[in-house]
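Visitor: As you go down the protein sequences, you meet chains A and B in turn. Heads up: the first sequence at position 72 corresponds to 71 in numbering that gives the first Met the number 0, and the numbers run straight through without jumps. Heads up: the second sequence at position 104 corresponds to 103 in numbering that gives the first Met the number 0, and the numbers run straight through without jumps.
These are computed hints drawn from the structure, not numbers from a lab. Don't take every hint at face value.
To spell it out: a stretch of chain A is covered by chain B in this simulated footprint if at least three of its residues, at any positions, have a beta carbon under 8 Å from a beta carbon of chain B; those stretches are [as the list claims (entries may be wrong)]: (1) 26-39; (2) 46-58; (3) 141-155.
For lysine to any residue, the following SDA-like pairs were computed, each having C-alpha atoms within a straight-line distance of at most 25 Å [stated by the list, open to error]: (4) B/Lys353 to B/Phe199; (5) B/Lys173 to B/Glu71; (6) A/Lys86 to B/Ser341; (7) A/Lys136 to B/Lys291; (8) A/Lys147 to B/Ser240; (9) B/Lys188 to B/Glu223; (10) A/Lys87 to B/Lys335; (11) A/Lys136 to B/Tyr12; (12) A/Lys116 to A/His90; (13) A/Lys130 to B/Glu10.
Quick reminder that beta carbons are idealized off the backbone N, C-alpha and C, glycines included.
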Amino acid sequence: MAITEQELGVFKAIGNNDKAAIEVVYKENYSLIQHFVVNNNGTEDDARDIFQEAMMVLYEKSRLPEFELTCQIRTYLYSVCRRLWLKKLQHSRRIETQVENFDRIVQVEDDIEEHDKLNLQYQTMRTAMGKIGEPCKSLIEAFYVHRKNMLEIAGFFGYTNADNAKNQKYKCLVRLKKLFFAQYKNA
Amino acid sequence: MEQFELAEVVERYLSGEMGPEEKHAFEEMRKNNPELDQTVVEYHYFLEQMGRYGEIRRFKSNLYDTHHTLQESGEIKDLELTTGTRIINMWNKYRRVVAVAASIAGITALFISGMMTIFTPKTPFRDIEELRRKVSNLEKQSSNQSAEFNKFKTKIAPGSDVKFGGTSFMIDPKGYLVTSAHVLKGAKKVYVQSILGEDFLAEIIHQDANSDIAVIKINDQDFESPKQLPYGFTRLQTDLSEAVYTLGYPKDEIVYNEGYLSARTGLEGDTMSCQITITANPGNSGGPVFNKNGEVIGILNARQASANGVVFATKSKNIFQLVETLKEADKDINIKLRNTSSIRGINRSHQVKKVQDHVYMVKVVLG
Chain A
0 MAITEQELGV FKAIGNNDKA AIEVVYKENY SLIQHFVVNN NGTEDDARDI
50 FQEAMMVLYE KSRLPEFELT CQIRTYLYSV CRRLWLKKLQ HSRRIETQVE
100 NFDRIVQVED DIEEHDKLNL QYQTMRTAMG KIGEPCKSLI EAFYVHRKNM
150 LEIAGFFGYT NADNAKNQKY KCLVRLKKLF FAQYKNA
Chain B
0 MEQFELAEVV ERYLSGEMGP EEKHAFEEMR KNNPELDQTV VEYHYFLEQM
50 GRYGEIRRFK SNLYDTHHTL QESGEIKDLE LTTGTRIINM WNKYRRVVAV
100 AASIAGITAL FISGMMTIFT PKTPFRDIEE LRRKVSNLEK QSSNQSAEFN
150 KFKTKIAPGS DVKFGGTSFM IDPKGYLVTS AHVLKGAKKV YVQSILGEDF
200 LAEIIHQDAN SDIAVIKIND QDFESPKQLP YGFTRLQTDL SEAVYTLGYP
250 KDEIVYNEGY LSARTGLEGD TMSCQITITA NPGNSGGPVF NKNGEVIGIL
300 NARQASANGV VFATKSKNIF QLVETLKEAD KDINIKLRNT SSIRGINRSH
350 QVKKVQDHVY MVKVVLG
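Let's have the full structure, built from the sequences with the hints guiding it.
Guide: Here is the structure:
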């Protein structure tokens with residue numbers, strides 16, 4: 000099926016974390032996934048989690064220069080959700096793994112495998128962040144997640160100037176790096 | 000060079016912030032020093048991961064926000080369940096397992112609460128100021144103002160001796176609420192008032208002086224139960240210094256406050272409660288304590304008279320225990336504590352907006 004320019008544009012914008020594009024994809028596809036999950040032994044929360052994980056896969060793909068979208072976003076998302084949900088059902092052995100079909104599907108096994116790998120890396124960092132304790136956690140989050148500059152951070156955390164905040168940030172970073180690699184070896 | 004100074008140099012090098020000369024010198028050093036080279040390689044991978052971590056967090060937060068916005072605007076709605084029969088099948092299949100698990104849990108809970116009664120030291124009440132609030136004068140005020148605000152008429156008979164106010168919050172959409180047991184002391188009748196100012200008659204289901212938790216149930220034809228509560232309950236230990244917030248009725252309107260967990264135990268090492276540094280006033284008693292994920296970690300119950308800002312909260316696991324015991328004792332009590340929170344990840348003011356509808360003022364009528 001031909002993919003419109005507009006569709007490709009939305010796909011690229013997802014990779015740039017564009018809020019408007021996220022909203023468009025959300026509006027157009029959420030109810031399909033919601034029906035699929037809720038009618039296949041899932042809850043509303045399951046539907047949200049599965050949809051958002053599929054959005055993560057879409058985001059990762061969009062950031063890969065070599066990835067080419069060969070079907071509509073809707074088909075892709077649905078295929079990923081279906082696969083993820085089947086995996087989850089199998090994992091919890093809640094029910095025989097037959098699910099009702101709601102739409103056409105494409106092969107996404109490899110994509111999901113890659114996503115699992117990336118997710119493991121993310122979880123490794125998350126665990127390390129969970130162990131570092133305060134104020135390091137908030138300080139590092141302020142810089143790397145919320146992209147605050149050192150002056151703002153100094154003000155917020157009560158350091159006398161940006162340089163002090165910077166030193167503290169690097170001290171935290173050294174500790175986080177140790178925790179990260181300890182976690183990395185365990186994983 | 001100190002470790003953290005090295006980290007700075009490496010980050011500047013990797014992000015391309017170095018001038019050409021400095022960069023050249025650094026690369027020379029790297030060539031001649033394998034240890035430094037190894038460190039740079041490690042940092043390269045680590046900072047790449049850090050950057051990715053940040054990107055994913057930003058993307059996730061956009062996802063949560065979008066979900067929330069669409070839910071607010073009604074573009075995402077919960078579906079009516081069509082899978083009722085399947086759930087019944089599952090229930091039949093697992094009934095035995097559930098029964099065994101429930102009875103083990105029940106016996107354990109009874110045993111533990113028995114042990115608690117035997118071993119818990121009597122709380123020294125001198126140093127503790129319970130956070131209930133005298134509301135009689137407020138009642139008077141509000142009756143003066145009723146000409147302006149009589150959208151909802153109070154159901155409490157005029158001339159009733161309304162003594163104490165506290166806060167309570169819903170634990171099950173069927174109308175079950177919890178509050179602090181001391182708030183209800185000497186109560187003949189209990190009313191709860193919603194954020195919209197509507198009064199509902201409530202009955203006391205259980206009061207447990209030891210854990211200072213009381214369960215009440217709204218028993219009023221005007222009450223419409225919500226479909227689902229936005230917040231969940233956690234049994235997990237909260238980390239020291241983790242941010243927490245509370246909503247309550249220290250005055251006639253709902254008040255928000257935030258603080259942090261300052262100790263894992265309460266007054267004199269009491270393990271059933273924990274210590275929070277937050278601004279709380281009489282009337283906050285019985286209010287929920289939420290962590291940043293919007294999970295209830297405890298119920299505010301008292302503050303230390305001798306220290307400012309030090310407040311104690313009964314831990315959530317006591318609610319779990321009490322609910323189990325109640326269900327064991329009376330089959331008609333069907334309380335289900337949600338363990339996932341659907342407001343996880345959305346920003347604080349949106350969380351509060353969703354939560355506030357389920358936090359009620361408690362009014363106790365003494366006679």
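Visitor: Next, verify each hint and record whether it holds.
Guide: Results for each hint:
Here the segment 26-39 of chain A counts 7 residues with a CB under 8 Å from a CB of chain B, which clears the bar of 3, and the coverage holds. Only residues whose beta carbon comes within less than 8 Å of a beta carbon in chain B count, and the segment 46-58 of chain A has 5; three or more means the coverage holds. Check result for the segment 141-155 of chain A against chain B: holds, 3 residues qualifying (beta carbon to beta carbon below 8 Å, three or more required). Restraint check: the Cα-Cα separation between B/Lys353 and B/Phe199 comes to about 20 Å, which is no more than 25 Å; the hinted pair holds.
Straight-line distance between C-alpha atoms of B/Lys173 and B/Glu71 comes to about 23 Å, which keeps the hinted pair within the 25 Å bound. Between A/Lys86 and B/Ser341 the CA atoms are separated by roughly 23 Å; this keeps the pair inside 25 Å, and the hint holds. Note on A/Lys136 and B/Lys291: the hinted pairing holds, with a Cα-Cα distance of about 14 Å set against a maximum of 25 Å. A C-alpha spacing of about 22 Å is found between A/Lys147 and B/Ser240, which places the hinted pair at or below 25 Å, so the restraint holds.
For the hint linking B/Lys188 to B/Glu223, the alpha-carbon distance of about 20 Å falls within 25 Å, and the restraint holds. About 24 Å separates the Cα atoms of A/Lys87 and B/Lys335, which keeps this hinted pair within 25 Å; it holds. Between A/Lys136 and B/Tyr12 the CA atoms are separated by roughly 24 Å; this keeps the pair inside 25 Å, and the hint holds. Note on A/Lys116 and A/His90: the hinted pairing holds, with a Cα-Cα distance of about 18 Å set against a maximum of 25 Å.
For a cut-off of 25 Å, the pair hint linking A/Lys130 to B/Glu10 stands: about 22 Å separates their Cα positions.
In summary, this structure violates none of the numbered hints.
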